[in-house]
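Chemist: Going down the list, the protein sequences come from chains A and B.
The working numbering puts the first residue of the first sequence at 1, with every later residue one more than the last.
The working numbering puts the first residue of the second sequence at 1001, with every later residue one more than the last.
These aren't lab readings, by the way, just hints derived from the structure by calculation.
Watch out, some of these pointers could steer you wrong.
As the list claims (entries may be wrong) - Restricting the straight-line Cα-Cα distance to at most 25 Å, the calculated cross-link-like pairs of lysine-lysine (BS3-like) are:
#	chain 1	residue 1	chain 2	residue 2
1	B	LYS1146	B	LYS1133
2	B	LYS1198	B	LYS1137
3	B	LYS1149	B	LYS1308
4	B	LYS1146	B	LYS1198
5	B	LYS1308	A	LYS63
6	B	LYS1198	A	LYS146
7	B	LYS1137	B	LYS1149
8	B	LYS1308	B	LYS1154
9	B	LYS1108	B	LYS1308
10	B	LYS1133	A	LYS63
11	B	LYS1105	B	LYS1133
12	A	LYS63	B	LYS1249
13	A	LYS63	B	LYS1198
14	B	LYS1308	B	LYS1249
These numbers were taken from a predicted model, which means no experiment stands behind them.
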Amino acid sequence: MSKQYKLTASLGDQILRLLTLSMAIGVLVLMVWMGWQMFDTARPSIQRFGLGFITSRVWDPVKEQFGALPFIYGTLVTSFLALLLAAPIGLGVAIFLNEMAESRFRAVVGFLVEMLAAIPSVVYGLWGIFVLAPWLKTTVEPGLAKWLGFIPLFQGTPVGFGMLAGGLILAVMILPTIAAISREVMAAVPNMQREAALALGATKWEMIRVAVLPYAKSGIMGGIMLGLGRALGETMAVTMVIGNRPDILASLFAPAYSMAAVIANEFTEATYDLYLSALVEIGLILFGITLVLNFFARLLVWSVGRGPKGGSIV
Amino acid sequence: MFRKKGKLLAYLVMTALVLILAGCGEQAPGTSTGQEKVNLTGSGSSFVYPLLNQQIEEYRKQNSAITINYQSTGSGAGIKQVSEQTIDFGATDGPMTEDQLKAAKGGKILHIPLTLGAVAVTYNEPNLPKDLKIDPKVLADIFLGKITKWNDPKIAADNPDVSLPDSTITVAHRSDGSGTTYIFSDYLSRISSEWSSKVGKGTSLSWPAGLGGKGNAGVAGVIQQTTGSIGYLELAYAVQNNLPYARIKNKEGNWVAPSLQSTSAAAANATIPDDMRVSIVNAPGTDAYPIAGFAWALIYQDQTDKAKGTALVNFLNWAIHDGQALAEGLHYAKLPANLISREEELLKSITFQGQSLLK
């Protein structure tokens, strides 16, 4: 009886194994196939412009000249700006909610922060046009120019629409991702760690620094990288506030353009093959950048996870 | 055991019922109206979408057997799909080029004007009147980034009664590929050789100056939030949002504000070739507004499916006649009467196996 039971169970397991295996392979195949398809469509542009596509700053559909550098620049600057702002704030939110807030307050605020992730990006974009950009133009940018104007980043005429607006809106959008994941991994830190630290006479901050953060750091890093991934690919909200100008200027006030935005903007009216092909090549580069960054993120998580202090969670 | 059997029986009965009902459903229209059901698909220009969609709905009320599904995918996609024959008709607001026509897989494609669009030049500067006069050359210089202040002498020359403010001009333009941009840049290329050689015309451009906004709404947003800005919008959009728009000097030297009438006037006086692929920017005529253009339906002259071809030709014929009544309510300019009869001739030239489909 027990033997028969075992047999059917293992048959079921085998079917399950095959089923899930085919799903896993399916995802892999899909990804390779997508990459190949994109490469195939981008080929006319790759053959025509070669490596010059990545280094050229000209994007002129009328004269059939295409270069991706301004878009790569805009995407990277806005994404890293977003990360720079959202990572510390997200971490702060997570620390507060997990270690300091009362439980009822924690539930409410935690819920609200996560709600931020549920807002559609076009709504963020509208808010960007009607609230953020005018505020940046009249208040923030003149202020920055006045106090920090000696740095090239904060020079030039305040326009409102530009890289600063793009970075800020992305920061708000990736904040919940970073905060939520950091909170999860901090919540998974065993209480004994905290108690041990407190028992040794640590203050709250010392307890967080010594017992919680090292334990959770690889997970936090993972959350930050997920946020970066979202920032790189975000399209709608960015295109609504970035000014959509393929230029490379040092000032954060200046309008710029991002890779995802130019694809979404120009794809439907790309009237000839080379044009379409150039847009797809930008997609391919975005795909590549995301992969490379994710690879480095993994490497970082892995090396941090193996560090001497604390344990790894993810 | 019994319950299982009961369930099985119930399933069988249900399936049989569904099949019978479905059979009835399919038969009903054929027997009652004597007309075959036809499904047409089209895609393309987002500019004509509101009008075309309304026309399709209205037409369906009169001809319930014909279902038309039009998707606003953008003119570029419309041209591509009609060339690949994945749709029955396309719509575009920039005419197909010779190369594109040659690449079409189903033979010769005809351009049937559906409506007219005008591009309004709108601005946001509280100290300016609602109908500033802008000379074509000045307009080109502003969008080239050469005129950067509102009180530039060149603007002042045409507006002697206005005290122009000393504020910086911020140019706003469409960042997404669009027929509006095509018409606008077509106009600037026509009146300014510098624009023509430096920038040219197209659905997306390498803009010498300014900020890009996504869609009419995006450009309007940038304009409204930026004092001293100037941009261009589809006329309907500017009218609906009550934005000020400039009067432009037309070919005859008159200052003309964009309106449905002045847009129709541009088409009425333009010389239009038989294939209808024509730009009507800077058209002659005392009342003609100079920044206007057609939106066309794209259809193969040689149809491969009689029922579909007939339905399509009949619909288009209706759209250029009775369907025009819907235009002005939606802020589209009507096709001029002298053009409609010529379009009808064009529709009559559409054939299935050598037989004209429009009776």
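Chemist: Work down the list of hints and note, for each, if the structure agrees.
Modeler: Cross-check of the supplied hints:
1. B:LYS1146 - B:LYS1133: Given that 25 Å is the threshold and the Cα spacing comes to 18 Å, the pair holds.
2. B:LYS1198 - B:LYS1137: Satisfied, since the Cα-Cα distance of roughly 15 Å is no more than 25 Å.
3. B:LYS1149 - B:LYS1308: 56 Å, violated
4. B:LYS1146 - B:LYS1198: 13 Å, holds
5. B:LYS1308 - A:LYS63: 39 Å, violated
6. B:LYS1198 - A:LYS146: Roughly 37 Å between the alpha carbons, so the hint for B:LYS1198 and A:LYS146 is violated.
7. B:LYS1137 - B:LYS1149: At roughly 15 Å apart (the allowed maximum being 25 Å), B:LYS1149 and B:LYS1137 satisfy the hint.
8. B:LYS1308 - B:LYS1154: 56 Å, violated
9. B:LYS1108 - B:LYS1308: 17 Å, holds
10. B:LYS1133 - A:LYS63: Not OK: B:LYS1133 and A:LYS63 at ~32 Å, beyond 25 Å, violated.
11. B:LYS1105 - B:LYS1133: Given pair B:LYS1105, B:LYS1133 is violated - Cα atoms ~47 Å apart, limit 25 Å.
12. A:LYS63 - B:LYS1249: The given pair, whose Cα atoms are some 29 Å apart, is violated under the 25 Å limit.
13. A:LYS63 - B:LYS1198: Judged against 25 Å, a Cα distance of about 9 Å means the pair holds.
14. B:LYS1308 - B:LYS1249: Status violated; Cα separation ~45 Å.
Hints 3, 5, 6, 8, 10, 11, 12, 14 from the earlier list are contradicted by this structure; the remaining hints agree with it.
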